[in-house]
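Can you join these two chains into the complex? Each is in its own frame, and there are hints to help.
Residue numbers (the working numbering), protein chains in the order written: chain A, 119 to 239; chain B, 32 to 905.
Treat the hints with care, since some could be wrong.
Claimed, not checked - If you want a taste of the chain B side facing chain A, the calculated C-beta under 7 angstroms gives, among others: (1) A69; (2) L70; (3) G71; (4) V641.
Note that these hints are calculated values from the structure, not bench results. Glycine included, each C-beta is placed from N, C-alpha and C at the ideal position.
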Amino acid sequence: MSIERKPDRQDRTGLLQGTLDMLIRRTLLLGPAHGHEIAKHIQRTTDEVLCLEHGSLYPALHRLERKALVTAKWETRASQKRECKYYRLTPLGRKQLAAEASKWNRLAKAIASVMRAPVKA
Amino acid sequence: MRDDDLDRELRVHLEIEAEEQRARGLPEEEARDAARRALGRPARIKEDIHDQSRSMLVDGLTRDVQYGARMLRRHPTFTAVVAATLALGVAASTALFTIVHNVLVRPLAVPDSDRVVLVYNSYPKAGSPHAGAAAADYDDRLRGVDAFEEQALFNVRNPSVEVGGVPERVHAMHATASFFRLLRVSPREGRAIAEEEEAPGRNRVVVLSAGLERQLFADGGAVGRRVRIDGEPHTVVGVMPRAFTFIDADVEMWLPLTLTPHDRAMLHANNWEYLGRLKPDATVPQAQAQVDAVSAASLSRHPELRAVLTNAGFHVVAIPLQDDLVRDMRPALALLWAGSLFMLVMGSVNVASLVLARSRTRVREIATRVALGAGRWRIARQLAIEHLLLTTASGAAGLVLASAALRVFARVRIEHLPPETVTYIDGIVVAYTIATTVMLGVVLGAVPLLGGLFSDPVGALRDDGRTATSMRGRALRRALVVAQISAACILLSGAGLLLASFRHVVAVDPGFDSGQTLTASIELPTTRYPDGASVRRFTAQALDAVRALPGALSVGATNVIPFGSDFNTRLIMAEGYQPAPGEAFTGPYRNVVTPGYFEAMRVGLVSGRVFSDGDTAESRKVAIVDTRLARHFWPGVDPVGRRLFFPEDRNDMTRITERTPLFLVVGVVREVKLRGLVEGVGDVGAYYFPQAQAPERRLTFVMRTDGDPSALGNAIRRAIAGVDRELPVFDVQPMVRRAEQSLASRRTATQLAIAFGVVALLLAAIGIYGVLAYLVAQRTKEIGIRVALGSSHAAVFRMVLGEGLLLIAVGATIGALCAPLVSRSIQSQLFGIRGSDPLILASAVVMLVVVGFVACVLPAQRATRIDPVVALSE
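Just chain B, with the same shape it has in the complex (with noise of 0.2 angstroms):
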């Protein structure tokens, strides 16, 4: 009906034209033809009324949309750098608020966490400020406790089960049955452990994980059916939730804990952890103040404790166990956070700044526009839109980023917490992030608005840049992008003190060739192995299966692997060693080896002899000392020939009777790091014991090998499982993996750092290329004039990088007074250099200058393309 009307119309339209080309004097088929032409095809015509007709119906905001990609697309530079900026800056903050929410907000997944409580008894003085509790203070806190409703003790140890006819090496929990009331948690299947349960003869019961179940029994219905672990039929009375996981999330099972009379009477046995759920109206300071009247009535029945708990600096600590698990995380996360948050800021300022260069140039457009009856509210909801877009696709790319980079993260291991629970982003991250790209592109979209540009389009159009507003805005850019070079400085020499520390650390001598050795480990349960004899036994032939792996060139084995997770410290005396008065004896790494161990580790020998099959249960006791023990007893003097007793009267620490064990020591080995580089053994060293003479059931196997160690695991697990089928081997990894891993966090730490400086970097580059774009384009007109007059290229280049150059020097003046102060704080993460090293701050300055002089050139040449001519007319 509309397309009959039009083509009458358009009928019309052409008839009328003709006649006037035939008046004109045309022939009658030229005078069509002309009056075809000048109407153009009416196909065509009908098209763009039916385009026109569509779009009009489509949402203005589609309309917006396209016209914003459209305008994106039109500035492929302006929207690459936008993005790029917004991108890394929604990519930090969004993964350091992962981890800070899942860190710092949701630490502990059981109901009220927030009222359990961590008691554990502190010896600061004696290098142990954190220890856990021991089972002798549990019935007296039962009765003088009452700041808590249940109390609770627990440990973490490894036992051995079979799972697909593999022994495996599972992490359980053996609790106290009022465990899982404090927690406030119960079974998916079946029950908790019973009160009866903890009895000796009555504890074969297990509670499973859900996901040990599955292992275990693939059909499920594993409540009533029997699990060997160590070798003993539990049957198993309950199955926790899927979800559930508390403090160790490799915990898979849950065991009565049996007390003995033994572990009863052991004060300061520190082999738990305690804890306890306070009362709806109770506080931790009660706690802790009813905790510390037990103490102080269990110390006067025990004088003969008093100098020595006093030396070590004794006294217990009641802290929520939420608080406890991230302390030492909290400043330093909250710091990362706040750094991501000023570098987002930073980002989003630096954007505003170029959003504003551009708009800029954009005057005429909108300035016409508005003049051509575009509404304000039109032209700033098309512009907000056209800036969502961009913060938009910013966020998404900023979210792939973040999860890309906490995969990163998860390599690090944060104590308690497993790494897919700390990296795990959940809706609330990503509503984090949403909240953030909306609000970026709000307040991106509303900078045009805020630098007057069509509230006075005609005033937008012959300002040059000289009104008051103008001057205030760039005053405020310029201190903007002062602060980030001053952040930038700050953070690349904190970053390079952390690299410098790393490369320190690294070359640390660890004491031992990590090179072609293979490490694993085994654990021999009580239950099959029940005396000294079975484990010797067990070790001289496990050593000789290894020992005859084809590639095998040193084999022996350790107690406590350098880098390990476990170490083992006992207070040891030397005779005629005279304690200074207040000495706070610490107790020196305590480590049994085999023989072979020393050749296979390659840790040199200083003087003596090394470990030998001779050495045997019969034979004369032996210990061997590193060089730092071998300083602290026996200053100047070679050790080997005298001798080691452990301590029996705790008043008199240097009395020997005949009774007293005494250890020979035959050998001096160097020094090794054994918790680690930086870490090492302490002030005081360690000492050694062969394994004939002290048999240990927790051994790690170490193999040199003459090729790729990795490629032996299978052999050494063959090997293990030939003397005794049901033993777990775990842990079978090369050395070299073992340090790796021990520098790992560190490694981490040092990226982060870098990448925030890099980051922190390139934010104060873009900073200082946004402020010099915009008063290029601001003052186009008034470099046009200076051109005209004369003015050369060179002259042109030399203002425009002053100005930057200016900000460089104020900011890394700033920057450099700032860095030091900021530097003391990391000073305890350093290793090996001082926070307020010159030679790195230099660095970072000579960094800044050149990366920013860079950012300056840019802009600069721009100015000396300026046309006069063009410039004028414009």
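Okay, chain A solo, but in the shape it has when bound (with noise of 0.2 angstroms):
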């Protein structure tokens, strides 16, 4: 998996495909969602600043999908009063966005402490 990043596509996300993808994962770990819910809980957990244009949430699911990440069905749920396409996680995506979300969070840390530390003379 690498960073695919056509610019227009990257213009458009404003995020690069790979966190997307796991953007994404990391809300359907709170339970099956359909997209506009899943496009919603990003936007709010991350006080707006990742506002994502809704249409490259699709590409993404379908990439997820095609990848056996996630699965998807129509299901009418009580929350909602028509038929939506819900997602969830598969075991695997589950295993693998624990792995990448521990890698993410050392750079993340690495990062921060490159950033943090104290100027020499």
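Structure follows, in structure tokens:
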């Protein structure tokens, strides 16, 4: 998996592809959700910092589905009066998310420690 | 089906979003618009998904290639510098590999060529270390040398053959019937020459080359047909395969070698080449021992020759033919190839250094990718492909460059080897280039891996170049750059020496004026010109015809044209000259010229007179000597009026009887550099006879014109054809061209050395640049801190420059110390300059320092542009 960043796509997402995939799966960790719910959740939890274009979500979901990291099914739930396509994490998706999250955290910490390092004379 | 599914999903999304907007109080219409805006165009989304599916289907390699190409395009300067460096390196090593491969690996295209031995007479003390062989030895050796399974004699002559109505001079090999058996080659059609066809009267048979067959008989089927050679009809008995060449690629036909009783009796008349094929169990030393025994036996039968031969250092050499052909070139070629490999290695080191410098700037890209889950293997593969892309492009460019360079090489004639053979790029050469290229790509791709860049991305992000690994790496890179600078220094001074030497050579006075003269050669066949009278008659008529041409100022002819390929030496003595004890008698160059020759060539007359029409067959025998021979025989005395003679008694070279012909010296001319500007006429000079008194069948006409000599080529051909329609006229060219050709190989060697020197200089400059750029990239933070703490731009500039100048100083010193050692090895190639010339060395060092300084300035300037705020926040 590499960061395929075609400039135009990156512009619209404002996010690296891998990161978006990770955020989607983190959201699905809380339970099954449909596209609109996922978009709203990411927006809300990042205090609207990541204001992603909803359209970019669907290619990402599509990708995850192809990689068998998530599954999708049309369902009608109590929260919605209409039938929606619900996504849920597969066991593989859950496992990979754990690995990526820990790597991400280490990197973030490393960057933070560099940024905080005292400026030596 | 999937599209329907997506449409439905997007529709649902829009509905939910619109509901939410309406809940916020937007009117129906605006809510739907807002939802559509938030989602983006469904068509675009579908397209994205489509693209994505397709790209996921495409092989990962294709994606890597695309990504690699993108990365290369994004850094055009880096890409250009790297590609140029690699292309140069690949081109140099490919070009030289081609030549080495062709010359050293397959000089002889006959089966088991390593078993073919050349046997020749050597007279080192008489200035003739590599003479041919005499037919007189043939019968003795056939009986006395059983290490050979076959022995053969051959030589090359140039008879005339009528091709398409025009007489042409064709290279023909006269060979014993054993020749084809010895080489283990047989004709494509017909048969080889038979044993009995060596006999006089039965020898009118010929084997043609495939090329000549096509020229003579367009419809093929030459066997059994007739060809007129020197006017005599010969029967074609065979046609050789197209690919067959042996030693002289110009040879177009093979004729029986008929030895006369005179040939068989003449010892040391070295008019032939002698070959032997070793028996399967025999060795060269065995053959040598047996040949030596035969020579010793022959010498004991001719005691009168002993003194002369001992003084000349006579011995017989048996050497594998292949070794003999490449003997002179082997060390030079091996050295060149080693040099080109060295440059390729140095170029790669530079590129590695640049790649490393750039990978510092790519640390974040790579580390982020690793953090986001890209496998290390994946990134390694990606980087390897990126560099393979770069090296493949450079390799292809290198191959093109190499073939262009080889075309330049093709101008240099390597003896015995046709240029197209030497510079032929075959499958092995291409394989060599591909192997070199792939190896480079893999090695360069591995460089960032070695830097520990993503085995420990976190460490790499933190690393400011102070770890033990990076210190070690830095020391190694500096050592390599110092090596490059030293090598460049040595190569530059070598090139400088060759250039200076070349200029000395060009400045040599050839003894004649080659401007505005045209030359044209003929060779009169014995069949139609059997005696001196017929040759004299032809000469007079041809001279008259050429003199009558409009534009001809003065016309003459000679049997030995300066800077040509055929020379004649014959021992001559002066009346009253007393040779020093043990003096090795060296034959001076013997020339035969017509009246008008010295005028046409503008050879200066020092004393006496030149030949005139008054010197006839019946008049008194006369001669002209050059200043060098005059000094040898009559130091400090005017030779005009003295006499020369050919020694008849080998035991007393000075003995003259009343029957000894004497030649009166009537003039002294300036020394003409017959063999070339450097070789000249050796130590003993030259003498001249008039054509009327010593008729020669092979003549080169020289015509001085009042305009462009090359415009008169056809006129001179027609003038000579007017005298003898069947006579081929060949080598029609201005004298200037001959002079240029005589310098060609020296000029090419000089150009090659300069090219190598310049490439080495460029590589050294790139090396310095690479190391400093890496240094600046690595120490960005440190430099930022320095600037933040008040260090001036000038101080930063000086710091980086200082690093570079230190490398240059060390490298130049080592180079300057080693240069004289290396130059000594090319001393023999130099003319008019010593290998240790201090001025040349100093110029090389100065050039190196200037170019090196420029290479330092760029990274030093970049260092001064480091913004402390940016550097520290990175």
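Tested hints:
1. A69: Holds: closest Cβ of chain A sits about 5 angstroms from B/A69, inside 7 angstroms.
2. L70: Since chain A brings a Cβ to about 5 angstroms from B/L70, closer than 7 angstroms, the hint holds.
3. G71: holds (3 angstroms)
4. V641: It is violated, given that the least Cβ distance between B/V641 and chain A is near 86 angstroms, above 7 angstroms.
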